[in-house]
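2 protein chains.
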Amino acid sequence: MKDKLTIALDCMGADGAPMVEIEGAALARIRYPKARFLLFGRAERIRPLLDGHPALVACSEIIDTDQVISMEDKPSQAVRRGRDSSMGRAIAAVRDGQADVAVSAGNTGALMGLAKIMLRTMPGIARPALASLIPTYRGESVMLDLGANIDCDADNLVEFAIMGAAFARSVLGLQEPSIGLLNVGVEDLKGNETVKEAAERLRATRLPMRFVGFAEGDQIPFGKLDVFVCDGFTGNIALKTLEGTARFISRLIGDAFRSSLMARLGYLICRRGIQQLKLHLDPNRHNGAVMLGLNGLVVKSHGSADGEGFATAIGVAVDMARHELVQQIASDIEGLTETGGNGRQAVAR
Amino acid sequence: MKDKLTIALDCMGADGAPMVEIEGAALARIRYPKARFLLFGRAERIRPLLDGHPALVACSEIIDTDQVISMEDKPSQAVRRGRDSSMGRAIAAVRDGQADVAVSAGNTGALMGLAKIMLRTMPGIARPALASLIPTYRGESVMLDLGANIDCDADNLVEFAIMGAAFARSVLGLQEPSIGLLNVGVEDLKGNETVKEAAERLRATRLPMRFVGFAEGDQIPFGKLDVFVCDGFTGNIALKTLEGTARFISRLIGDAFRSSLMARLGYLICRRGIQQLKLHLDPNRHNGAVMLGLNGLVVKSHGSADGEGFATAIGVAVDMARHELVQQIASDIEGLTETGGNGRQAVAR
Numbered sequence: 639m640k641d642k643l644t645i646a647l648d649c650m651g652a653d654g655a656p657m658v659e660i661e662g663a664a665l666a667r668i669r670y671p672k673a674r675f676l677l678f679g680r681a682e683r684i685r686p687l688l689d690g691h692p693a694l695v696a697c698s699e700i701i702d703t704d705q706v707i708s709m710e711d712k713p714s715q716a717v718r719r720g721r722d723s724s725m726g727r728a729i730a731a732v733r734d735g736q737a738d739v740a741v742s743a744g745n746t747g748a749l750m751g752l753a754k755i756m757l758r759t760m761p762g763i764a765r766p767a768l769a770s771l772i773p774t775y776r777g778e779s780v781m782l783d784l785g786a787n788i789d790c791d792a793d794n795l796v797e798f799a800i801m802g803a804a805f806a807r808s809v810l811g812l813q814e815p816s817i818g819l820l821n822v823g824v825e826d827l828k829g830n831e832t833v834k835e836a837a838e839r840l841r842a843t844r845l846p847m848r849f850v851g852f853a854e855g856d857q858i859p860f861g862k863l864d865v866f867v868c869d870g871f872t873g874n875i876a877l878k879t880l881e882g883t884a885r886f887i888s889r890l891i892g893d894a895f896r897s898s899l900m901a902r903l904g905y906l907i908c909r910r911g912i913q914q915l916k917l918h919l920d921p922n923r924h925n926g927a928v929m930l931g932l933n934g935l936v937v938k939s940h941g942s943a944d945g946e947g948f949a950t951a952i953g954v955a956v957d958m959a960r961h962e963l964v965q966q967i968a969s970d971i972e973g974l975t976e977t978g979g980n981g982r983q984a985v986a987r
Numbered sequence: 639m640k641d642k643l644t645i646a647l648d649c650m651g652a653d654g655a656p657m658v659e660i661e662g663a664a665l666a667r668i669r670y671p672k673a674r675f676l677l678f679g680r681a682e683r684i685r686p687l688l689d690g691h692p693a694l695v696a697c698s699e700i701i702d703t704d705q706v707i708s709m710e711d712k713p714s715q716a717v718r719r720g721r722d723s724s725m726g727r728a729i730a731a732v733r734d735g736q737a738d739v740a741v742s743a744g745n746t747g748a749l750m751g752l753a754k755i756m757l758r759t760m761p762g763i764a765r766p767a768l769a770s771l772i773p774t775y776r777g778e779s780v781m782l783d784l785g786a787n788i789d790c791d792a793d794n795l796v797e798f799a800i801m802g803a804a805f806a807r808s809v810l811g812l813q814e815p816s817i818g819l820l821n822v823g824v825e826d827l828k829g830n831e832t833v834k835e836a837a838e839r840l841r842a843t844r845l846p847m848r849f850v851g852f853a854e855g856d857q858i859p860f861g862k863l864d865v866f867v868c869d870g871f872t873g874n875i876a877l878k879t880l881e882g883t884a885r886f887i888s889r890l891i892g893d894a895f896r897s898s899l900m901a902r903l904g905y906l907i908c909r910r911g912i913q914q915l916k917l918h919l920d921p922n923r924h925n926g927a928v929m930l931g932l933n934g935l936v937v938k939s940h941g942s943a944d945g946e947g948f949a950t951a952i953g954v955a956v957d958m959a960r961h962e963l964v965q966q967i968a969s970d971i972e973g974l975t976e977t978g979g980n981g982r983q984a985v986a987r
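Keeping their order, the protein sequence lines are chains A and B. Per my numbering, numbering through the first sequence is continuous, rising by one, with the last residue being 987. Per my numbering, numbering through the second sequence is continuous, rising by one, with the last residue being 987.
With the rest of the complex left out, here is chain A:
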């Protein structure tokens, strides 16, 4: 396992940039004392914040970049003009072997576009996917694709499953993660041809994962499986529905506690339990979506993350880099070709 890591941080992406990134890096340094940080962004803004964390100064380097990609920039603009931005330079550091992984809280579309064009897709993978950790009743599960691929065929889903499994092994530390394809029912006959074909191929694979077949939407929040696989259209809508429902109920809980004087009093008494609940659902504690299937590792933090949240995203980056996820996926994809039979079709195009 690789331990001395170099992490490239786009320090200009978060809503609260660059403070959020520097505070996140300071927290991450305590957790990963052997890590080095390359801080990309406006030096005159980063320097004074960094000086507040002497221990971080010792293991960091600021790379001054003038350009910044904004949330309003279109992916096409970013791809054309963004290579010299803090985001583009952080990705370039991964591409050129100066860093093991890049983390950015900036514009998702721009990050995906730049990462795809600068790092390129791995051999054997047709399309990279966006994966994320989801808070569940059991802890955390992995879900992909979350919107990078709107139309998917069975080959894509098979590759997503393999990449999701490798991600779960490294980030969740599971030996043999359980994996299912999201569908309208768990019976073999349910669903469209794409998921049925993907299920058939996944059943034939011999890889360190336990493919259980189909999964339904309500199994996601209960964490019934370690990895939920679907096309990017369904995954994006399901994830946003899940996040929206969590926010909606949090708001209802807030309303309930404000509904009367007695309720306010009740809240004061049981607030520790409620705070634990909030903590469990806190997006900052489940931060870090990843682009899987590229020749290099890139992590996307929520734009609204605070320092703690950005540190969580750095943690995901560290786990991926330590486990050399790109190599893991490459060898899994190779293993898939070797199983022959149906499995072969997934990469033989």
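Some hints here could point you the wrong way.
Pairs involving identical chains hold if they fit within one copy or between any two copies, as the list cannot separate such chains.
[As the list claims (entries may be wrong)] Listed next, the in silico EDC-like pairs over lysine to aspartate or glutamate satisfying Cα-Cα at most 16 Å (straight line):
1. K828 with D789
2. K712 with D826
3. K862 with D722
4. K712 with D893
5. K712 with E825
6. K916 with D893
7. K834 with E854
No wet-lab data here; the hints were simulated from the structure.
Fit chain B to the known structure of chain A by using the hints.
Only chain B this time, still in chain A's reference frame:
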């Protein structure tokens, strides 16, 4: 508006059948004093329960049926052999004009299969859809399709939108419901060709609805729109994710209140607020999925509904029948053809 309604009830479908159905009918009779009820099922089990509600006896008729469709029956079996079951006879009553609407808490697949074959699809509608009311922060929204159609084209989505709008007008009492197509983003360029084409056609329609374009998953729980339209694959997964997330968080709340003696005390003090929250999310209060696009009205209650929940489903049935939803949809579809242009394609096949 039609007021003297006859409602056909499959009394053998709920987990707690036939008690749930009879209690539901007794509650519905109070709410809709002019309604008549046809009670299909095993007379020897229904009679003693019915006798406990003298006012209901006066406006009900028991039709003894021997056969019952179980939750284990496959839709194909139900379609072949289920016509003489309590479910099949209730649907037949609608088909033959003896009842205005049928309600069943039985096997969903069997109900959809039987309803489709016995009532047939309306002229101008290619495929019937399953719609439901969703509890939201604002109240309730309509969502369809929820799984009746796995693969959908733009024509299907346009028809779903029209049927969903008619449903929202009658059941939610809205003059001009707001409607959106679920997508991975709200911008025009987002999504697959199917949703883009459907959006283009819906923009060209002149019907009593306000088409807003695309909607994202997190807008569902917040009730940002009155009607959310999508294919049955996405809709089924999104709805189950929403329901699962609500159950998951309810469980976390329960855990939080049981986490310490203080938390239990707090719960006692603020339980009224929490009970309001539970009531807001209570599936019994948002019960009644409907099959839209058939030559007759059929409502599906949750199998686990209690009498109150079944009465809610009867309420949905009453609203639909009162507003003569089948005729409404028929005239909207006709209106669509008259607008010409892109709108025409939706029905000219």
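Now the hints, each set against the structure:
| no. | hint | in the structure |
| --- | --- | --- |
| 1 | K828 with D789 | between (19 Å within a copy, 12 Å between copies) |
| 2 | K712 with D826 | between (41 Å within a copy, 13 Å between copies) |
| 3 | K862 with D722 | neither (43 Å within a copy, 39 Å between copies) |
| 4 | K712 with D893 | neither (38 Å within a copy, 44 Å between copies) |
| 5 | K712 with E825 | between (41 Å within a copy, 12 Å between copies) |
| 6 | K916 with D893 | both (15 Å within a copy, 12 Å between copies) |
| 7 | K834 with E854 | within (14 Å within a copy, 27 Å between copies) |
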